[in-house]
Amino acid sequence: MAIDKNSVSLSVLVVMLKRCLYKVSGYGKATETLEMLWQNKYEFDIVVIAMVGINMDDLGLLKIVDFELDLSVIVVSANDDERFMTNAILYEAKDFPKKPICVLVLQNIW
Numbered sequence: 001m002a003i004d005k006n007s008v009s010l011s012v013l014v015v016m017l018k019r020c021l022y023k024v025s026g027y028g029k030a031t032e033t034l035e036m037l038w039q040n041k042y043e044f045d046i047v048v049i050a051m052v053g054i055n056m057d058d059l060g061l062l063k064i065v066d067f068e069l070d071l072s073v074i075v076v077s078a079n080d081d082e083r084f085m086t087n088a089i090l091y092e093a094k095d096f097p098k099k100p101i102c103v104l105v106l107q108n109i110w
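Just so you know, we're using UniProt numbering here: the sequence shown kicks off at 1 and counts up by one.
Hints in this document: simulated from the structure, not taken from any laboratory. Incorrect hints may have been included.
In the DSS-like style, the derived pairs of lysine-lysine whose C-alpha atoms are separated by at most 27 Å in a straight line are [as the list claims (entries may be wrong)]:
1. K94 - K29
2. K63 - K5
3. K63 - K99
4. K29 - K41
5. K18 - K29
6. K41 - K23
7. K94 - K23
8. K94 - K63
9. K18 - K94
10. K5 - K29
11. K94 - K41
12. K41 - K63
13. K5 - K99
14. K98 - K29
15. K29 - K63
16. K5 - K98
17. K29 - K99
18. K98 - K23
19. K5 - K94
20. K99 - K23
21. K18 - K63
22. K41 - K18
Just so we're clear, the structure is a prediction, and the values are computed from it rather than from any experiment.
Please model the entire structure based on the sequences and the hints provided.
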């Protein structure tokens with residue numbers, strides 16, 4: 001599953017993940033995503049979250065997906081603030097690649 005409020009970035013991320021032969025669902029709103037995850041938790045192995053611009057507290061979403069749904073999370077962000085990255089890792093993000101992300105990175109996330 002991929003989450004990014006920016007529809008262009010989301011489309012690019014979904015296409016890139018599909019090229020890597022992942023089965024992908026893309027969502028622009030965190031609230032829609034959580035609803036889908038709660039209903040279909042066992043259909044997803046990993047969640048890729050673009051942390052800039054989602055309509056929910058970024059780390060709150062990460063916490064819910066990781067701790068409550070027990071799914072692995074990859075955080076993708078253009079934000080290179082050290083405090084932000086540290087918090088994402090503390091909230092159990094499995095990886096923190098920087099935007100723009102390349103196909104080689106995506107091929108190795110799972």
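| said: Need the list of violated hint numbers for this structure, in ascending order. | reply: The structure conflicts with no hint, since it agrees with every one listed earlier.
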